[in-house]
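Chain A is already provided as a structure; the job is to place chain B on it using the hints.
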Amino acid sequence: MTQPTANCPNCGAKITFRWSASVQTVCEYCKSILVRTDLDLKKVGQVADLPPNSSPIQLRTEGVYGPHTFVAGGRIIYEYDQGNWNEWHLMMNNGTSGWLSDAQDEYVVTFAAPGRTLPKQCRVGQQYTWDKETYMVATITKAHYRGVEGELPFQYWNKIDVVFVDLMSEAGKFATIDYGDEDPVLYLGESVPFDSLKLKNLRAFEGWS
Amino acid sequence: MSDQGPVPAGTPQVKSLNCPNCGAGLTLRTFGQAVTVVCGGCHSILDAQDPRLRILQTFQAATREDPPRIPLGTRGTIRGTKYEAIGFQRRSIRVDGVSYSWHEYVLFNPYQGFRYLTEYNGHWNDTSTLRSLPTLSRGGNTLTYLGETYQHFQTANAATNFVLGEFPWQVRVGESAEVSDYVSPPRVISRETTGKEVTWSMGEYISGRDLWKAFQLPGEPPAPRGVFENQPSPLSANVRTTWEMVAVLLTLLVALAVLVYATARDEPVFEDSYSYNTNGAGDASFVTDMFELKGHTSNVVLTTRANVNNNWIYLNYALINQDTGHAYDFGREVSYYHGYDADGSWSEGGQKDSVTVPAVEPGHYYLRIEPESDPRHGSIDYTVALRRDVPQVGFFWLGGLLLLIPALLITWRSMNFEHLRWAESDYGGAPEGSLLSTVENAVTSVKDSIAREDE
Chain A
1 MTQPTANCPN CGAKITFRWS ASVQTVCEYC KSILVRTDLD LKKVGQVADL
51 PPNSSPIQLR TEGVYGPHTF VAGGRIIYEY DQGNWNEWHL MMNNGTSGWL
101 SDAQDEYVVT FAAPGRTLPK QCRVGQQYTW DKETYMVATI TKAHYRGVEG
151 ELPFQYWNKI DVVFVDLMSE AGKFATIDYG DEDPVLYLGE SVPFDSLKLK
201 NLRAFEGWS
Chain B
1 MSDQGPVPAG TPQVKSLNCP NCGAGLTLRT FGQAVTVVCG GCHSILDAQD
51 PRLRILQTFQ AATREDPPRI PLGTRGTIRG TKYEAIGFQR RSIRVDGVSY
101 SWHEYVLFNP YQGFRYLTEY NGHWNDTSTL RSLPTLSRGG NTLTYLGETY
151 QHFQTANAAT NFVLGEFPWQ VRVGESAEVS DYVSPPRVIS RETTGKEVTW
201 SMGEYISGRD LWKAFQLPGE PPAPRGVFEN QPSPLSANVR TTWEMVAVLL
251 TLLVALAVLV YATARDEPVF EDSYSYNTNG AGDASFVTDM FELKGHTSNV
301 VLTTRANVNN NWIYLNYALI NQDTGHAYDF GREVSYYHGY DADGSWSEGG
351 QKDSVTVPAV EPGHYYLRIE PESDPRHGSI DYTVALRRDV PQVGFFWLGG
401 LLLLIPALLI TWRSMNFEHL RWAESDYGGA PEGSLLSTVE NAVTSVKDSI
451 AREDE
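Those protein sequence lines, which keep their order, are chains A and B.
Residue numbers for the first sequence follow our numbering, beginning at 1 and rising by one.
Residue numbers for the second sequence follow our numbering, beginning at 1 and rising by one.
Hints are computed from structural coordinates only; laboratory data are not their basis.
For each residue, glycine too, the CB sits at the ideal point set by N, CA and C.
Fair warning: there could be bad hints in the mix.
Stated by the list, open to error - No more than 20 angstroms apart at the CA atoms, straight line, and that leaves these computed lysine to any residue pairs for SDA-like:
#: 1; chain 1: B; residue 1: Lys294; chain 2: B; residue 2: Gln322
#: 2; chain 1: B; residue 1: Lys82; chain 2: A; residue 2: Leu202
#: 3; chain 1: B; residue 1: Lys15; chain 2: A; residue 2: Ala204
#: 4; chain 1: A; residue 1: Lys200; chain 2: B; residue 2: Tyr111
#: 5; chain 1: A; residue 1: Lys132; chain 2: B; residue 2: Thr411
Claimed, not checked - Just so you have them, the derived chain A footprint on chain B, three or more residues with Cβ under 8 angstroms:
#: 6; region: 110-116
#: 7; region: 167-179
#: 8; region: 313-323
Here chain A stands alone, though its shape is the one from the complex (with noise of 0.2 angstroms):
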């Protein structure tokens, strides 16, 4: 596969797209965030400082979920009252996108699932069923958007709080409600063991090998 490459408009640097599907990326070297034209990159906005990291999942994370291999793209990076996590976009082998989140190592995978019906709003406690799995609300997460980073499949920037509710099935399914933008978007997975995902290239830790 070839991949795409262009110069970044801001520094001139190299940018190169290894998922023909990516519609933004955030250039290496001066932070720039770029998104895709026809016919070229055309700079939308600028990352300021991103908080310290304690993933153990970096950009190019290699790993395996169900029969597809994936490789961590980009993230997307929110704060929220016990610190901050990752939404890592999976750049799934099959040409579909997926999401890693690691909110303190609570690892999770999710598909986007349009086209089922979402509430407006919704309490801790309240069931919702989707594709016959009956969810709970769980958790109501109120997160402040803090930066992007790499190939994302949509444009996603300048934005400030988004509003997340978290649910779990009996059987241990996962979803998540998105509100940060005028239609929820609903994401439904599950919570996976760490060891699952064969994760390869990650980060080391001082005192941990």
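This is chain B only, laid out in the frame that chain A set:
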């Protein structure tokens, strides 16, 4: 501008900072995952997410008031993963005016995240948060998780009294949560409710000795006191295997008994009737005709029937092997008395007596018989009968009984263990409908009826 290349993310470092309140050194071991960190010097609870460690709360505690048994910073391997002890808290509940406290340790691995250890009276649990929701029963007395049923044990308000080190949540001294425990030894599922948030976790009983080994701690772990809610009964596994073994042995015993019955000759070899004149004088002894005892070495049963009626006859027997001259000597008495007194009719003894002579070799035998009785009782008629190779059931009953004794004993001890466990629960006893409560109710009703009869 692009000459320097991308800035590497860098390796996260363990941070050493100073407490903004007392200046004591603080180590941040979770690379930014912790939300609060507690200074051990001045007991200030600090915002671990704030670079300047803003003070959130200070609490009163004596210096080294509650030193953690597993010192913070110690690493140990649990289920194949290395964890570091990073946080420690004491929590307590009040039941009937009595305060019970336990300790919780926060463990951390930068890849696997957080895990917890709890300790109460020397009983330890290895705890982690649940990844799916348990199913609560309608009444709330049981819950199901991964196909296993858990019994509600206790619901209480747990207050935090003492904290040290790092925590992945907003810890405060004085705050409390409602905690409900559901047990299925060796596991316990706990539901913690604070405000509107519900957290589920599962603990598995782990021996202090194993933990001391895992964390390479010096000395011995504190000896566990009493029976803990999810402590696996050291006997429950034994009870099962013991009963399985007893069942196998009883089956073998029955099979053996059937075999003995099926193959025993059980044949009459001699029978004759005699009369003894008690009025007669001199030696009354005589010998019988010869008879043959066939087959392998086995028993001989001698039955004496006498028409004694308020008198007795004593018979000196000798079973003599004609071929070898070997004699089995034994005496038997047949006596029968009966009558009336103030209490009504009574009787004692009987007109029949049987005795087993074990392990008699095959061969040609005869009996020498010498009757005795009180003189002047007239004539006593009696019959002597011999049977060869009679199956004996007594041994099998005894064997069965001996097998049951240890099984019953171990079952009784196991029930005592369960009794002690449930005595500490909200119910003060075994849950309704369980085998233990059924047995306990039966024992109580038997005791009651005995007490009533005594009145």
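For each hint, the structure was consulted:
1. Using a Cα cut-off of 20 angstroms, the hinted pair B:Lys294 and B:Gln322 holds, with the two alpha carbons roughly 14 angstroms apart.
2. Distance restraint check for B:Lys82 and A:Leu202: the Cα-Cα separation of roughly 17 angstroms lies within the 20 angstroms cut-off, and the hinted pair is therefore satisfied.
3. Taken as a hint, the B:Lys15 and A:Ala204 pair is honoured in the structure, with Cα atoms around 15 angstroms apart against an allowance of 20 angstroms.
4. Simply put, A:Lys200 and B:Tyr111 have alpha-carbon atoms about 12 angstroms apart, close enough for the 20 angstroms limit, and the pair holds.
5. Restraint check for A:Lys132 and B:Thr411: not satisfied, since their Cα atoms lie roughly 46 angstroms apart, outside the 20 angstroms limit.
6. For the region 110-116 of chain B, the assignment as covered by chain A holds, since 5 residues bring a beta-carbon within under 8 angstroms of that chain's beta-carbons and 3 suffice.
7. Evaluation of the coverage hint for the region 167-179 of chain B: fulfilled, as 3 residues show C-beta separations to chain A shorter than 8 angstroms, against a requirement of three.
8. For the region 313-323 of chain B, the proposed coverage by chain A is not satisfied: 0 residues have a C-beta within less than 8 angstroms of a C-beta in that chain, short of the threshold of three.
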